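With the sequences and hints as input, model every part of the structure.
From first to last, the protein sequence lines stand for chains A and B. Quick note: the first sequence uses this note's numbering, first residue 187, plus one each step. Quick note: the second sequence uses this note's numbering, first residue 60, plus one each step.
Hints in this document: simulated from the structure, not taken from any laboratory. Heads up, some of the hints might be wrong.
[As the list claims (entries may be wrong)] Pairwise CB distance ranges (calculated):
#1 A92/B <-> E348/A: 16 to 26 Å
#2 G442/A <-> Y145/B: 47 to 57 Å
#3 A385/A <-> A92/B: 42 to 52 Å
#4 F71/B <-> P317/A: 11 to 21 Å
#5 A393/A <-> A123/B: 55 to 65 Å
#6 S125/B <-> G224/A: 20 to 30 Å
#7 A138/B <-> R205/A: 25 to 35 Å
#8 R207/A <-> P117/B: 52 to 62 Å
#9 V128/B <-> Q248/A: 33 to 43 Å
#10 A92/B <-> P317/A: 25 to 35 Å
#11 R207/A <-> W127/B: 37 to 47 Å
#12 T137/B <-> T308/A: 23 to 33 Å
As the structure is a computational prediction, the values presented were derived from the model and not from experiment. Note that CB positions come from ideal geometry on N, CA and C, so glycine has one too.
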Amino acid sequence: MAREATLARPLARPLLSRRARELLTGYLYLLPVVVALGATVLVPILSAIRMSLYRNVLIKPQEYGFIGLGNYARLLHDEVFWLSLWNSFVWVFGSVSLQFLGGFAGALLLHQAFRGRAVVRTLTLLPWIIPGVVVALIWEYLYQPNYGALNDLLARAGLMTEKVAWLSNPSLAMPAVIATNVWRGVPFFAIMLLAGLQAIPDELYEAARVDGAGVLGRFWYITLPMLRPIVVVATATRIIWTFNYADLIFVMTSGGPANATQITSTYTLPPGVLEPRLRLCGHLSVVLLLIMLAFTTLYLRVTRGVEPVA
Amino acid sequence: MLWAGLALLTAFAMAPFVWVLLASFKTRVELYATPLVWLPASLSVTNYVEAWTSKLTPFSRFFANSLWVSSATMVATTAISVLAGYALARFRFAGGRR
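The following block contains the structure:
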């Protein structure tokens, strides 16, 4: 893409220089994407920031007005907000760590050579492909206390005498939604790590075997270090997604019971009509945005110089 | 060992689907029966026909909506991204690296 040599000067000097015309064309090509991103990303963010500076309680329209950082100040005393941060941590840590372990085991299994491997790979990938709302509905049905499969299964196995309301018990709801998220996320890690495993050259394993390394030795000194880049990228991506991932919890429990599954991203969603907290949550979106910015910065720093193998 | 692991993995991923698939053939009575009926009495497709055609859940309409939204999105994003990608690759801008 070297600059083309100017062989002959045009007789009449054009209105714009060659460089200026080139730049103009370039910006014209960029115009659609700037407009599209501006309308779908920039404007909503700016209006959320603006919204966060106003008192905006829907049932008290007469109190509408600019209050500066008042919403944020109130957030500091909002117990549910702090609870939701803690819940987010539990949700992200529980989901991602279990998804990683399950996905790693799955990837190691699917990496072996066996008959029908393509079929098994496709089947195990299915939970990842279907929409999040469908996942939530399927699992809500499984958890259903009276005609859900889980209670029935446990009762038949003799492990349970009394019916358990998985999603309406405050101490069980979070583990239940995490289990659903694990089910959904295991294929993601399995497929990412499988791609990583397949990119490791066989020669390394052969050389290690010649040098007398056992199965564990090969795993520890070849598989793990070679997978490191993809582990870092996949886990970091997944942490950000899980933190933002609101639809599963929103459909299954709406953050209940008694905010037991309220994570920061579900707390940001407009609450139901019957809730006392009937206000627009621009300030929560902005806080969420700042948290995500911090995460993304961390992500970019951690993954700098780490090239995914796949 | 390998097969046990694979069976476990597949069962883990597939069990909810199997359960929902079984439920999709059940009649209303079977769905809410106690104790739970595991297998539907017959493989009737009435539920599917009803979902596809009924006024309450017109899945034919939902499907058409999905098709329309996804194709419009695909065309629009591809058109915009192609232009932007070409511009970013071909032209040098202020603030660019080169």
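The hints, checked one at a time:
1. A92/B <-> E348/A: 16 to 26 Å: holds, 20 Å
2. G442/A <-> Y145/B: 47 to 57 Å: The hint (47 to 57 Å, Cβ to Cβ) holds, given that G442/A and Y145/B are roughly 49 Å apart.
3. A385/A <-> A92/B: 42 to 52 Å: This hint holds: roughly 51 Å between Cβ atoms.
4. F71/B <-> P317/A: 11 to 21 Å: Between F71/B and P317/A, where Cβ atoms are some 20 Å apart, the hint holds.
5. A393/A <-> A123/B: 55 to 65 Å: holds, 58 Å
6. S125/B <-> G224/A: 20 to 30 Å: Given a distance of about 27 Å, which is inside 20 to 30 Å, the answer is holds.
7. A138/B <-> R205/A: 25 to 35 Å: holds, 27 Å
8. R207/A <-> P117/B: 52 to 62 Å: With a Cβ separation near 54 Å, R207/A and P117/B satisfy 52 to 62 Å, so the hint holds.
9. V128/B <-> Q248/A: 33 to 43 Å: holds, 39 Å
10. A92/B <-> P317/A: 25 to 35 Å: holds, 29 Å
11. R207/A <-> W127/B: 37 to 47 Å: Holds: the Cβ-Cβ distance is about 40 Å, inside 37 to 47 Å.
12. T137/B <-> T308/A: 23 to 33 Å: Holds: the Cβ-Cβ distance is about 27 Å, inside 23 to 33 Å.
When the structure is compared with the earlier hints, no violation turns up for any of them.
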